[in-house]
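Number of protein chains: 2
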Amino acid sequence: MTKIYNLDQIKEVINFSEIIEIIAEGFVFYSQGKTVVPPVGYLGFENADVHIKYGYIRDDDFYVIKIASGFYENPKIGLPSSNGLMLVFSQKTGELLAVLLDEGYLTDIRTAAAGAVAAKYLAPKKIDCIGIVGCGIQARLQLELLKEATECRKVIVWGRNHEKLNQYQQEMSEKGFEIETTTNISDITENCQLIVTTTPAKNPLIFADQIKKGTHITAVGADAEGKQELEAKIFDLADIVVADSLAQCVDHGDLSHANIAKESIIELGNVVSNPDFQRKTDEQITVADLTGVAVQDIQIAKYVYQKLK
Amino acid sequence: MTKIYNLDQIKEVINFSEIIEIIAEGFVFYSQGKTVVPPVGYLGFENADVHIKYGYIRDDDFYVIKIASGFYENPKIGLPSSNGLMLVFSQKTGELLAVLLDEGYLTDIRTAAAGAVAAKYLAPKKIDCIGIVGCGIQARLQLELLKEATECRKVIVWGRNHEKLNQYQQEMSEKGFEIETTTNISDITENCQLIVTTTPAKNPLIFADQIKKGTHITAVGADAEGKQELEAKIFDLADIVVADSLAQCVDHGDLSHANIAKESIIELGNVVSNPDFQRKTDEQITVADLTGVAVQDIQIAKYVYQKLK
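Chains as they are written, first to last, in our numbering: chain B, 1 to 309; chain C, 1 to 309.
Possibly wrong hints are sitting among the right ones.
Identical chains share a label here; the pair holds if one copy fits it or two copies do between them.
Below, a list of computed lysine to any residue pairs in the SDA-like style, where the Cα atoms sit at most 25 Å apart [as the list claims (entries may be wrong)]:
| id | residue 1 | residue 2 |
| --- | --- | --- |
| 1 | K34 | A48 |
| 2 | K202 | D282 |
| 3 | K11 | N274 |
| 4 | K307 | I240 |
| 5 | K92 | P75 |
| 6 | K309 | L7 |
| 7 | K34 | H51 |
| 8 | K307 | G292 |
| 9 | K92 | I77 |
| 10 | K3 | K309 |
Just so you know, these hints were derived from the structure itself, not from any lab.
Assemble the whole structure, with the sequences as input and the hints as a guide.
In structure tokens, the structure reads:
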């Protein structure tokens, strides 16, 4: 029997620590070639677009179709522009098991969970301060999920808009963080050992000469061609360069701007499964470029369905 | 609020006469370039496959995603191998309005309705006997929907398997037809003015030298590369050659085997909208090649949603 679940029901069963584990597992499946993910379907309208992502993990019980839409006139009538839902099917019989009306929430969570996975295996042990670049939804969720990857609760957040920075400070303080705001990015590079960039920037915000030894950076903003948050030279400095998906990152991630041999980029799934690829010392510089992989959708949809069932 | 409707609920609101009208309208939209239908998404498993078809009519209220699957081990556990569902979304806001768990029924109906549309505009006025080639689901539904396109209730059905022919005869007699069965295809070409071919044949079943003046043939079986029901020369004989989709039919329909200029093939939507392209005399030979077009799914999903709402 097909069940429909709404956002409130979905939020109730989400456990961040578990989500980080299943997302890490998903990256391992992906990097081991155990996932089947055809090209994304696209439907364009005058002021809207719809992306259809679908796939499965071999020998698993489920397959998943995600429909994510942006209807850019929606805010005029009081609706969010982004929407989304996931369909969970049986891989054995093809039956539709559940419709998850998550309104895009699960995509936000699985994206943030990937940041926590990267931090868990790549960030230095000792972190005095977390740096968050940007102050939107991902800037919030990335930080919230980092709770599971580090004990550090001191945070500097960078943004250009004082009002948004203050809002961020207030909200995230309530979640147990000690937040300072800045409009000067070097406050972050000087003081933070774990930095997450979450902006839609099209030109670098952080430059190689600002990076100190013992820094880990997770870049999640560059998810499409033309976007860039990190100066390309930063990848030359790095002792470990990680991509969630090698193919995607060299195509349209921050890594697409880098002049670095593909062979020297390690996929996040291989970092998770092989300690040789994880951080060795607190002096190393590490960078993870995250563009978002469909296996994350598959894993989180499965997880939510199994918890709700 | 998203609603889920099951097959029983869907069947209750289906009116064949209305369906034929909205399918005809859909073909007109399609041939006028008013539909947006991206390439079909495909997900393959070892013993199963899933097709994702999606699109919309410009300036309409809805967009539709259809998921059709074949899980070929299902019959072993008492489930049908084919399954399907349609999702109806708002084109204004992107919201999911309804999940139609039609199990593939709406695809069968919209396919049969296209045959009725072709018959309505292309078959001779006076039909003594209908010829049905094949005795599967489409052989049943095509005939059932032809009730709306002709008064004729005399039918000859062709098949290879006597048991299946007898089953067909019994079932369709109960629906008000007078059914004769044959294993000799010339019984059909000799006696029938309206012929519908519904088989998965890979070699021609009907040959040009069998076709009499005043015959209309609708070929619905060849829906993929390598399939063929009509000898290619039949198209040379025809006064009017019609394709539901010119692009699809010359690619993988019965017309893909024909040696005929594209310019002389008329799309069904243009037949519907322009009397110049419809049958003129009872002496003409007409052939319609139907491969199935996503606008049919869009139209029937919209229709069902609006009736159920």
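Status of each hint after checking the structure:
1. K34 to A48: between (33 Å within a copy, 17 Å between copies)
2. K202 to D282: Neither way: K202 and D282 sit 31 Å apart in one copy and 67 Å across, limit 25 Å.
3. K11 to N274: Close neither inside one copy (32 Å) nor across copies (55 Å); limit 25 Å.
4. K307 to I240: So K307 and I240 fail the 25 Å test inside a copy (36 Å) and across (59 Å) alike.
5. K92 to P75: Close across copies (12 Å), not inside one copy (41 Å); limit 25 Å.
6. K309 to L7: Cα proximity of K309 and L7: in one copy and across copies (15 Å, 23 Å).
7. K34 to H51: For K34 and H51, both the intra-copy (23 Å) and inter-copy (21 Å) Cα distances are at most 25 Å.
8. K307 to G292: Within one copy only: 23 Å inside, 39 Å across.
9. K92 to I77: between (42 Å within a copy, 11 Å between copies)
10. K3 to K309: both (9 Å within a copy, 19 Å between copies)
Going through the hint list in order, the structure does not satisfy hints 2, 3 and 4.
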